[in-house]
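K.L.:
For the protein sequence lines, the chains are W and D, in the order given.
So for the first sequence, our numbering puts the first residue at 1; every next one is plus one.
So for the second sequence, our numbering puts the first residue at 270; every next one is plus one.
No lab work stands behind these hints: they were computed from the structure.
Even for Gly, the Cβ is constructed at its ideal location relative to N, Cα and C.
Chain W is nowhere near these chain D residues, computed Cβ spacing over 10 Å in every case:
no., residue
1, V316
2, D332
3, D339
Label-pair distances were calculated between CB atoms; the ranges are:
no., chain 1, residue 1, chain 2, residue 2, range
4, D, G291, W, K146, 27 to 33 Å
5, W, I245, D, L285, 55 to 61 Å
6, D, R311, W, D174, 32 to 38 Å
7, W, R178, D, W319, 35 to 41 Å
8, W, A78, D, W319, 42 to 48 Å
9, D, G291, W, D174, 33 to 39 Å
10, W, A145, D, L274, 33 to 39 Å
11, W, P265, D, P331, 55 to 61 Å
12, D, A341, W, K146, 50 to 56 Å
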Amino acid sequence: MSTTCDGAPAPPDAASAPGLAAARCAVLLGYGDTALILGQRLAEWCGHGPVLEEDVALANIALDLLGQARLLLAHAGALEGRGRDADQLAFLRLEREYLNPTLAELPNVDFGHTALRLLLFGAFHVALWSAVQHGRDPQLATIAAKSLKEARYHRNHGADWTVRLGDGTAQSHDRMQRALDALWPYCSELFTASPAEQRLAAAGAGVDPAQLRPAWEADVLPVLAESNLRVPPPTPFRASGKRGIHSEHMGHLLAELQYLQRAFPGCRW
Amino acid sequence: MDWPLWEVFIRSRNGLDHKHCGSIHAPDARLALQMARDVYTRRLEGVSIWVVRADAIVASDPDAKPEMFDPAADKIYRHPTFYKLPDDVNHM
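With the hints as extra help, turn the sequences into a complete structure.
P.N.:
Written out as structure tokens, the structure is:
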């Protein structure tokens, strides 16, 4: 079990080779799952966007994320060495085996909620991929360099809408403030290292997400200020999606995401 | 939807000029560029975008076509095809 990607407990010796390989695999799965689940949420807007142009914009971003998820999960599957490809990892795992932060899986509430989450994750991914693109794993570095360009656009699109709605009408401002109050407590999980991330960072082979927080705050807080939004005070709440313990919404999301492969195993378009 | 209409012009990778490719609705110029990017450059159609508010374009009156354009129809001498060019002058 210690060499699987499934977030199983890692062996105690952080320097041992199999432990490091399992940690690399788990971190890749976490990155891939984040893109996959966030992309799935965004894809729910397809056909329901507030205007045609924004419908296309959100679907484009969802497809960017799906493309990143494919690359990351394929890389994780190859490292794992158990013959699982990106599709099998995306569609055939159990809920507890997904390692995305809870923020990615929370349901869409309204367009403002989606725009704000786009900003929060876009800025996080800009910071993450900026660091990862200089990492030791050449394949991951290549994926990070490609994803960084996409994340910059996601961040900008989310930021532009956040400012317009936060600093818009009384109703749009209230909705944006409600979205920020709901989403903010989940952000701390982005910067809390999972055991696998800790092991990689300690071995100099990965990014400690805690180190991304200053850059993220420097990016996000001015946008929130320009949007006239009040950042909620810190709470002791800690989400646990990166450990595989998800919100009640995750099962419903996976039921839809996995339906086709569960009903028709091996089905291809 | 009370967003203004914007006309979109795209310059392709090898093109020298921006060509009109369609229109979009957007609340302001910055988002108009993003909307145009998302609607019209999804398949590598371009490397540069212009957006112009449709109501900022002054257009000729379609009903005035006869007096605007027909008079040019029988002035073929305006095309420089009646002159013999020296061989040294290429690409005319």
